[in-house]
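Given next are the chains, with one letter for each unit.
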Amino acid sequence: MDVVLALSAVLFGIGVFGFLARRNILLMLVSVEIMLNAVNLSLVGFSQHHGDSRGQVLALFVIAVAAAEAGVGLGLIIALNRNKPGAHVADLIQLKG
Amino acid sequence: MNGPNVKDLALLLPELILVCTALALILAARRIQKTPWAAALTVLAAVAAALASAWLLSGGSKTGFGGMITVDAYSQFFKVLIASALALVTLLSVTADRPSRPDPRTHRPKDPQTHRPKPRPAEYHALLLLASTGMMFAASAVDLLILYLGLELATLCSYILVGITVEKPTSNEAAIKYFLLGSFASALLLYGIALAYGATGATDYAAIASAFSSRGPGSHRILLAAIGLLAAGLAFKIAAFPFHAWAPDAYQGASTPVAAFLATASKAAGLAALGRVCLVAFAAEARVLSSVLAGLAGLSIIVGSIMALSQTDMKRLLAYSSIAHAGYALLGFVSGTPEGAEATMTYVFLYVFMTLGAFGVVIALGQRGESLNGYQGLAAQRPGTAALMLLFLLSLTGIPPTAGFTAKFVVILSIVRAGHLALAVLAVVCSVVWAFVYLRVAVLMYMKEPQEPAPSYFSVAVYTALAVAALVTIIGGIFPGSLATWVVSP
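Note that the protein sequences, when read in sequence, are chains Y and R.
If you use the working numbering, the first sequence corresponds to residues 13 to 109, in order.
If you use the working numbering, the second sequence corresponds to residues 2 to 491, in order.
If you are wondering where the hints come from, they were derived from the structure by calculation, not from laboratory data.
We put the beta carbon where it would ideally sit given N, CA and C, even for glycine.
Take the hints with a grain of salt, since some may be wrong.
Footprint (simulated), chain Y over chain R, 3 or more residues, beta carbon under 8 Å [as the list claims (entries may be wrong)]:
no.: 1; region: 151-165
no.: 2; region: 175-185
no.: 3; region: 197-203
no.: 4; region: 244-257
Listed next, with one range per pair, are the computed distances between beta-carbon atoms [claimed, not checked]:
no.: 5; chain 1: R; residue 1: F410; chain 2: Y; residue 2: P97; range: 52 to 60 Å
no.: 6; chain 1: R; residue 1: P454; chain 2: Y; residue 2: L72; range: 55 to 63 Å
no.: 7; chain 1: Y; residue 1: G25; chain 2: R; residue 2: V444; range: 44 to 52 Å
no.: 8; chain 1: R; residue 1: V7; chain 2: Y; residue 2: L72; range: 17 to 25 Å
no.: 9; chain 1: Y; residue 1: L38; chain 2: R; residue 2: V461; range: 44 to 52 Å
no.: 10; chain 1: Y; residue 1: N93; chain 2: R; residue 2: G61; range: 51 to 59 Å
no.: 11; chain 1: Y; residue 1: V22; chain 2: R; residue 2: V7; range: 22 to 30 Å
no.: 12; chain 1: Y; residue 1: L72; chain 2: R; residue 2: W38; range: 34 to 42 Å
no.: 13; chain 1: R; residue 1: P402; chain 2: Y; residue 2: P97; range: 52 to 60 Å
Extracted from the complex, chain R is given alone in its bound form (with noise of 0.2 Å):
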């Protein structure tokens, strides 16, 4: 093992882009007061890293930092996915961060220490690009130093992000469970990182998997909590039932970019890391991890199609959604070959752009797109909105020839083949149920009157982005092998 050296910082480019963009724009923030230019120049950061990440990839795989940090082909396909969900939240919260006006029940004239100088716009995306950059570092991590402080950097902003309309009380509240929630399942995991130190004398996952290798499976009680105690802190960031509690009071109370960003780019950081782990440093103890993964993911299916079903808020709903489909995300890795982890990596990929486009049609809403109700009458009014709806919603149920289908297909496929049969049966059971759920919007959108008057229309910034994620939706669907070459497990 060599010492750091210069040149691996060049293997960190897409990370330093957007760190050196964040702290241009908070030195900058005092200066920037309108939106679209802090929005202009993440977007741009964000292509900027995508490509660099892109780029850094054609000189074949690398590892830097004394073996804690690598680029591969795996790293670099969730780089470009967090880089460009980060230009897409970016987009769509162009028009989310209206002024904001104070709450009249909560504005207290009275007292001038309540006076709070409005948000700078410059400091919301200074933090989405630092937690894009902790995501980063985290599906980089080849050492578990690295990763637990990508994970770190990744939530601390996201904690920030959820409370960041100080002036809302549901947004303090949202932050107050995600912070409470975060900050535990952060403990749990530090605690798996120490013990599997303790096991293996080694932090890097290479050296883990030696030490355990040399040892045989199952031979050591403090090699199992700290698998225990890892798994658990990485399915609270994705949300995975039993750690799944977090994610609706957060959707809700959060500004829905923010929710957006919380269930694309975070859930598939922390698959990333997931995948890593145990495809990795905890191969041999495969037949452990295998039925610890089926269980939370079967959990997650049954509990989000269930609890979804009584839902009368859309990003309640949505929340819902994302914690059944972090369970068909993990489907793939319950197979632990790298079949398995390719299909995991093609279904938060086209996850990500349906979501955000789900996301996209309620933040052009506005205020009407947040309840259920809000949907009756759709397509009389705005016909193109409410077909795009109608898309994103398919490919959620999974619904061919959307990028849905495709998904679900490969996933559901790797664990056939890995001999799980009633997981199989048990996720399209649970896709039926879903269908139930995602149409009964369909039905108010196309068979209601209206109740409301229509929604005015919005920027051309929303409209990029929710053409960006049909584009994907239907390419994804249309054609299921453009994606092939891009998949390679770590």
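In isolation and in its complexed conformation, chain Y is listed as follows (with noise of 0.2 Å):
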């Protein structure tokens, strides 16, 4: 269980960690969806622990919904780069004040 849990926080710190540090948008997401799947580790490994297949099947929606989240992000991406090629955050820059 400890080692689970243990697992679970690393790869959710590299997915933060990656997040803060990358600065290219597709990486980013790459680091939301480790951390995503770091929460599902963890909760698969708690219902395991619990003996209830709650977390289970809140894991199960999760993948569906970090799906969806990843189908939006690519689509806003691309409408991004149809205007301006490139998906680097340094790119992002006519908004400010």
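With the hints as a guide, dock the two chains, each given alone in a separate frame, to form the complex.
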């Protein structure tokens, strides 16, 4: 149990670090997916620990929502690319203040 | 706990109305070419959902779906509010999405691949309806799973709504920024849910609360981490400091009705969810929650006020205004009492209408309304519009006899009663800063010479929405008790 929790915490940390350190929009999206999968791991671990299936059900929902989120995110990146090629945060400088 | 039951579906009547209308609009999207048709259908659905919410309440409070959804005075109050915001935003968007001409700088005629079909009005309205459905679920949720799904449905639709004007680079940029920060915040919220589940073995609020109270406050580190992560995720939804960075960019880049929707309905749903999480699920940790919320509220008010001083774009100004108002609304939850929650509910209700009014005037002025300089000499050209804007600005400042005064009065009274005098003083001092910010616009309208030609008149729909917003703003100020019977904490 502790091993699963520790692994999920480490994965979540990697995701947070990746999100904050990366400057490419696609890699930031990947980092968020890593965070969501870390959460799934801990949900399944907790579910095993408590001996009820609620956590696993939650994890299934999270997988579905993560897929929808990735779909919306990639769609937005494509829309951005059509007006201006490149997927770098440094390009997002028109809105300021 | 009973299993799901077909009869439970009746509890979801308002949501079902919105979802069915949205699906019908998506199916018929090809055939609906004119905005007014889709808008009329959406307004009808919103009114029907509001009536259904009020009607469901007459049977008393119930829970359904194995204790995941509840129908009580608190949830129905927010559902009626979200439905009204949806109706007004739909009315306001009737003129706003004029047929968009491609920007000559970004138009590339050589490449036939980049030629995109015109966005269909039905899709925009379907997204608004689905986002409102998600918000209603969040208001009704008594289970962390439903809370997460409701908020995700609302935010996923909001990302698309912000980016729906695909030919505008600023809209793309705003949507990407909103999406990246939003999905990060969702992941934090979800980790908080997982930790709360791990520590208590339950996802429904009542079981979490009983697991807490059997253990005694502050006994478990994991629970404190869960509270922190959940508060962070929900603070993002209401754009409270330090999770506010997306709001100004998203509001400026999005079309104005979408910005109005984010500033009102989305914020109301976030506060509804936060209120129930604080007062029901984590009631045993009231002391920790109270200091976390006091910090969020105080810093949101300060940061919103200071940043607003230097804005020259009206939508950014209103974004910082919404950040500060999120702080004021949170003040009610700081005390952790039912009276405090009722103060927050009153605040949110009145805030939604005055903010929609202010955004409505920005929409009615078109391109000119988006920069502060566009307001120069408005009173000489359109005295009625200028007077309405003045009413909404006075109300947002909190000057009697407008609704904004009632709203600020109840939340500040609730924190004074809870003994947070420093926060109360801070709230009042920052109101003075806001008086300067808002009255600067009033000075531009009334004391400057017009620089631009008078704006053209707009459709009946926009004026209807403005009239409703103005009516609520005036009634809420003159009869401050008129809301009292509707406001019931969870």
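Hint-by-hint comparison with the structure:
no., hint, in the structure
1, 151-165, "holds (count 5)"
2, 175-185, "holds (count 8)"
3, 197-203, "holds (count 4)"
4, 244-257, "holds (count 4)"
5, R:F410 x Y:P97: 52 to 60 Å, "holds (53 Å)"
6, R:P454 x Y:L72: 55 to 63 Å, "holds (58 Å)"
7, Y:G25 x R:V444: 44 to 52 Å, "holds (51 Å)"
8, R:V7 x Y:L72: 17 to 25 Å, "holds (23 Å)"
9, Y:L38 x R:V461: 44 to 52 Å, "holds (46 Å)"
10, Y:N93 x R:G61: 51 to 59 Å, "holds (53 Å)"
11, Y:V22 x R:V7: 22 to 30 Å, "violated (45 Å)"
12, Y:L72 x R:W38: 34 to 42 Å, "holds (38 Å)"
13, R:P402 x Y:P97: 52 to 60 Å, "holds (55 Å)"
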